[in-house]
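2 protein chains.
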Amino acid sequence: MQRYFINKNVTENSIIIDDKNNCHHIKDVMRMSVGDKIIILTNDKKEYLCKIDSITNIVMLSILESNINNNELDCFTTIAHALVRREKKEEVLRRLVELGCSEYVPVEMERSIVKINKLNENIDRIHTIVKECSEQSERGLLMKVCNAIKFNNFINNYKDYDYKFVCYENSGRKDDYSLNNYLNNLKGKKILCVIGPEGGFSDNEINLLIDNGFVCIGLGKRILRTETAPLFIMSLISYQSGVKNV
Amino acid sequence: MQRYFINKNVTENSIIIDDKNNCHHIKDVMRMSVGDKIIILTNDKKEYLCKIDSITNIVMLSILESNINNNELDCFTTIAHALVRREKKEEVLRRLVELGCSEYVPVEMERSIVKINKLNENIDRIHTIVKECSEQSERGLLMKVCNAIKFNNFINNYKDYDYKFVCYENSGRKDDYSLNNYLNNLKGKKILCVIGPEGGFSDNEINLLIDNGFVCIGLGKRILRTETAPLFIMSLISYQSGVKNV
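Protein sequence lines, in the order shown, are assigned to chains L and Z.
Letter by letter, the first sequence follows residues 1 to 246 of our numbering.
Letter by letter, the second sequence follows residues 1 to 246 of our numbering.
It is possible that part of the hints are untrue.
In this list, chains with the same sequence are indistinguishable; a pair is considered to hold if it fits within one copy or across any two.
Unchecked claim - Here are the simulated SDA-like cross-link-like pairs (lysine to any residue), alpha carbons at most 25 angstroms apart as the crow flies: (1) K37 x S102; (2) K45 x E169; (3) K88 x N212; (4) K37 x R225; (5) K46 x S102; (6) K37 x G199; (7) K88 x E121; (8) K88 x R125; (9) K45 x R225; (10) K88 x I129; (11) K150 x E72; (12) K37 x G200; (13) K88 x V145; (14) K37 x E198; (15) K144 x N43; (16) K189 x I223; (17) K187 x D18; (18) K115 x T42; (19) K88 x I223; (20) K189 x N153; (21) K118 x H25; (22) K8 x K150.
Since the hints were made in silico from the structure, they are not lab data.
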């Protein structure tokens, strides 16, 4: 059934959809009629099964059922990703939404090819991507996409986590076993994973991360690209906290 | 160090690179000179550290060291994927190579949007993608990309596996725990995972798969796209057989 995230309040028995994009999708893309059913999500893990009462320039719904969306992972994961080109970033965002990621932070690092002062981003486009992927993958919460920040600001502002990992290809394998220990104990945890740019972290960045309590983890013997590493680690977290324990 | 897969035999002390693409890359892209070192891979888990002796229309190398490439997973994984559009397929191929997949089989299913008789594929392009990704991710073997086949041929020809999984969103969660048991016992195993098209498997296909010994596995509560599911399952296999056990 078609799902729509809306950001307006909901009354006890009815919902009004008045934002352009959702109304357009219901009327012109899905060509729905009065009496059709849809699911409305309010970005607080609640979902409402609704019946369409009228379609004009707004859509009026009556609520048939309200439920808790149970599709979110039982941990909060922030992926901090080196700035990458727009197409790569959008591809990563799509996959991370499906895999249950909570938050995405683009970080300018020494060897990032893309720099903050040359960013030319369409924020509306990013929000549309996240919203549509969230609806399709049946999430109960929208992944938050933060504004890009510089590495030092990232280190200073992202401190309040239970686990802080840095995916580092030169970490050797000494910490891999500990990754397993962490993965077996994700419930209710706040997790932060940092992934470097195409050229890798600088020594200075790695030292700063370690000084700030980050644990170096390896992702196997092969070299993963900067756009693959987030999907790999998020797949493991998703499996451990969403599939394995069901 | 730059890596090149070649498909010619190697003598005891020297290697000749005579294929156009590798020669072009060494001469014109990397602008290498006599005395520079490169690594040659022969698609049999062997790798040779070499020194360039001469560069003309061919490249002559002397072997300094021969080693076993140790970056392959200790299991053999075939991903059988519903036919998808070319861009999606190429994206999936890139990721699967990095994650250590052994073989990729495109399968025409009832609800595949793309059909075999309308395929217009550039086989050279696919081989170049796999070769370059394998070199960059430091693999010792090239992932095999099979020709697209129809579902019934797939069922009849892919039988000789230790584990056969079908990723099925309606499987409920009853089999998830058993997935975990399989994942803990991958060493030396031949694994086959089937992933359906955008519209999902037909009932007929699911029944045929189950009749042929496939185990339905769920990939979590959210709905994964057909281009995300292969990366999810291959990440789990890669982690379990390549990272966790090191």
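Structure-based check of all given hints:
1. K37 x S102: For K37 and S102, the Cα distance exceeds 25 angstroms both inside one copy (28 angstroms) and across copies (44 angstroms).
2. K45 x E169: Result: close only across copies, 21 angstroms inter versus 36 angstroms intra.
3. K88 x N212: neither (28 angstroms within a copy, 39 angstroms between copies)
4. K37 x R225: between (42 angstroms within a copy, 23 angstroms between copies)
5. K46 x S102: So K46 and S102 pass the 25 angstroms test inside one copy only (16 angstroms; across, 42 angstroms).
6. K37 x G199: Between copies, since 20 angstroms is at most 25 angstroms while 49 angstroms is not.
7. K88 x E121: both (13 angstroms within a copy, 24 angstroms between copies)
8. K88 x R125: both (14 angstroms within a copy, 20 angstroms between copies)
9. K45 x R225: between (33 angstroms within a copy, 21 angstroms between copies)
10. K88 x I129: both (13 angstroms within a copy, 17 angstroms between copies)
11. K150 x E72: Neither way: K150 and E72 sit 29 angstroms apart in one copy and 36 angstroms across, limit 25 angstroms.
12. K37 x G200: between (49 angstroms within a copy, 22 angstroms between copies)
13. K88 x V145: both (15 angstroms within a copy, 24 angstroms between copies)
14. K37 x E198: Answer is between; shortest inter-copy Cα gap is 22 angstroms, intra-copy 46 angstroms.
15. K144 x N43: Classified as within: same-chain Cα gap 11 angstroms, cross-chain 43 angstroms, threshold 25 angstroms.
16. K189 x I223: between (28 angstroms within a copy, 23 angstroms between copies)
17. K187 x D18: Classified as neither; 37 angstroms inside a copy, 56 angstroms across copies.
18. K115 x T42: Close neither inside one copy (34 angstroms) nor across copies (39 angstroms); limit 25 angstroms.
19. K88 x I223: both (17 angstroms within a copy, 22 angstroms between copies)
20. K189 x N153: within (23 angstroms within a copy, 46 angstroms between copies)
21. K118 x H25: neither (33 angstroms within a copy, 31 angstroms between copies)
22. K8 x K150: Neither, since 33 angstroms and 48 angstroms both go past 25 angstroms.
Violation of the numbered hints given earlier is confined to hints 1, 3, 11, 17, 18, 21 and 22; the remaining hints are satisfied by the structure.
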